[in-house]
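Participant: In order, the protein sequences belong to chains A and D. Terminal number for the first sequence in our numbering: 348, no gaps in between. Terminal number for the second sequence in our numbering: 348, no gaps in between.
Keep in mind that the hints are not guaranteed to be accurate.
No distinction is drawn between identical chains; accordingly, a pair holds when it is met within one copy or between any pair of copies.
Stated by the list, open to error - Derived DSS-like pairs (lysine-lysine); straight-line CA-CA distance at most 27 Å:
(1) LYS176 <-> LYS261
(2) LYS214 <-> LYS107
(3) LYS13 <-> LYS33
(4) LYS158 <-> LYS331
(5) LYS310 <-> LYS101
(6) LYS107 <-> LYS10
(7) LYS331 <-> LYS71
(8) LYS334 <-> LYS214
(9) LYS107 <-> LYS200
(10) LYS101 <-> LYS241
Calculated from the structure, these hints are not laboratory results. As the structure is a computational prediction, the values presented were derived from the model and not from experiment.
Protein chains: 2
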Amino acid sequence: MEHLDERKTKILKAIIQTYLETGEPVGSRTISKYTDLNLSSATIRNEMSDLEELGYIVQPHTSAGRIPSDKGYRFYVDNLMEEKDREVSEMKDFVIERTEKMEQVLKQVVKMLATNTNYATMITAPQYQQGKLKFIQLSQVDEEQLLAVIVLEGNIVKNKIIRTDLNGLDNEHILKLNLLLNTSLNGLALNQINLATIAKLKEQAGIHSEIVSKVLDAIAESVSEDEDLEIYTSGATNIFKYPELADSGRAQQLISAFEEKQQLVSLMNDTLSDEENTGIQVYIGSESPVQTMKDCSVVTATYELGEGMKGTIGIIGPKRMDYENVMDNLKTLKNQLDGIFKKPPEQK
Amino acid sequence: MEHLDERKTKILKAIIQTYLETGEPVGSRTISKYTDLNLSSATIRNEMSDLEELGYIVQPHTSAGRIPSDKGYRFYVDNLMEEKDREVSEMKDFVIERTEKMEQVLKQVVKMLATNTNYATMITAPQYQQGKLKFIQLSQVDEEQLLAVIVLEGNIVKNKIIRTDLNGLDNEHILKLNLLLNTSLNGLALNQINLATIAKLKEQAGIHSEIVSKVLDAIAESVSEDEDLEIYTSGATNIFKYPELADSGRAQQLISAFEEKQQLVSLMNDTLSDEENTGIQVYIGSESPVQTMKDCSVVTATYELGEGMKGTIGIIGPKRMDYENVMDNLKTLKNQLDGIFKKPPEQK
DNA sequence: TATTAGCACTCATCGAAAAGGAGTGCTAAT
DNA sequence: ATTAGCACTCCTTTTCGATGAGTGCTAATA
């Protein structure tokens, strides 16, 4: 990448910042007054011409001001953005009420984030695959149905009805089975349950090995079944606030994407696999892995609920989004989430 | 209400039907050709003038055709609409996959309905208050937490973590508690659990009455907590298909309403309380209890999952929606839902 | 008396033309 | 190297007339 001299950098920064605020092409005269460079608009014009040639800014049409290109935004995010040393107090709105249902927490979080940022937000439930089993319980619900309750680390509770022939299975047997399941599986992560474990388990179960098998299936299923869909969104209608996204064609596509959620999932998965140092990623315009978001920017962060149970938070807004604020919010939130499920919440 | 002579009725019907199809104001000449009345456009014009005076149709502006007023639509829905004797086979798309998780079924249902009708749809989970308890189970998850699992009729499973001091509560006690809870409460509807029951229960629990109390709280809470929010929607973006709703102001409001869901809840509650003979209600325009829907029509139906557990299905579309098709769909769906959870689904 | 042909009138919509204005690029002067 | 000056571009807004669908009314007709 070409090196920009100091003056060009300053001008570029001024252009982008102004554009972030106004959303309108910014002209040379504006910059001439805005910066402390004390240069005439003519000089700025020359520099802008250069910057355009270098690909950092674009002219929507001949006689308009300039707007940042994706490359320009990228440069801004990577090099120009000021790390705001925000007061922690600024995050006061993030008072997450302590609830034991994770689902509730996630819903609250996206909602807050959407309110705070004025963008569309989403969050995925953590991947359970690496979550450790804490407790399993089978119980007989009626003549032909068993209920399997599975509790993972972080008090994530899943349950599944198992239909099976219960002949010859009395309470005592069930108690034994429960004991067996718990002693064998507790503390294991879901993806640690391998064939060896299963075989051993079945052996010990003796005549009830069939049921054990069904239970294991149930565990696998209940945990994976809607993994793809467990994504919560909020503030989708915020996109109407940004004219460049609000024209009905684009808006419709975006809102649809939010409703369907399928695309969001792939977006999120991308983030999870592609992790980086800070854990915060910024996709600007065409950088986004999802076609629908070509005109937006997407900022994502992963959070971790104990060992290996990772989820993703995402924010979708116009390319001229307030990256600083957004990344700041995400950072704080990430920390809060990392903590929230870990420590037992006695101290209320 | 004034009585319309046959000719006026025919003309009104023709106007409405044409408008339902085209969505554009319909003029006298169109009707003159459309109907088998063999009247000139001039005559139609006179009749239309009368119909307007009676309030059944409206002129968007002086030199335009007529469109139905809310009163007109109402008359159409009440008196003019033809009961299509639909083939059952037409409902082939409503193949609801048998799943034991109610949530999944509801999601599938709204989605299908949205696809089938091309309108925005919603469905509420049934009211649990009248659902009968089928099974309760307490289990100790770790040193200081109990897990209460509650199964209602129809295999609706709820659970709740209870934090409490577990000193002096060993496995045996828990077993006893479970037995006690089940014998006392099973078969009762949630709103049948009254003070007497509770008092008796506590007495029997002896020193553990405090825990019983917490359990009961947990039941109440887990059942009511998100009752208000358990509403599933689909096809919100369908509203973009109807120009009269798609202009960004209205669209935004509607989409927001769908995202927030709060308004939908009140809409649904309205239906539940206000029930009628057929169980299908039509709100046309300003008839809607929700301000946001003033420009739409809302059709709702209640379904019942066993005794007293009622939920609501709703469809939201433009006032010129295909009422026949919609009501037909709802009727079929209602029946299917009424049946689906009742019979044990062994026969797969 | 009910229907219809004829006609003037209204008004939304569309397109072309004109005005306005923001901003550029270039040239020549500093 | 910087800047003042100016012609030029092109988007946006406004204006204006043409178009056409549709009405309401009147007078003629069956």
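Participant: Take the hints in turn and mark each one as holding or not.
Facilitator: Structure-based check of all given hints:
1. LYS176 <-> LYS261: Classified as neither: same-chain Cα gap 42 Å, cross-chain 45 Å, threshold 27 Å.
2. LYS214 <-> LYS107: Result: close only across copies, 26 Å inter versus 32 Å intra.
3. LYS13 <-> LYS33: Close inside one copy (14 Å), not across copies (67 Å); limit 27 Å.
4. LYS158 <-> LYS331: neither (29 Å within a copy, 34 Å between copies)
5. LYS310 <-> LYS101: Both ways: LYS310 and LYS101 sit 17 Å apart in one copy and 25 Å across, limit 27 Å.
6. LYS107 <-> LYS10: neither (41 Å within a copy, 53 Å between copies)
7. LYS331 <-> LYS71: within (24 Å within a copy, 55 Å between copies)
8. LYS334 <-> LYS214: This pair counts as neither: shortest intra-copy Cα distance 37 Å, inter-copy 33 Å.
9. LYS107 <-> LYS200: Classified as neither; 40 Å inside a copy, 38 Å across copies.
10. LYS101 <-> LYS241: neither (32 Å within a copy, 38 Å between copies)
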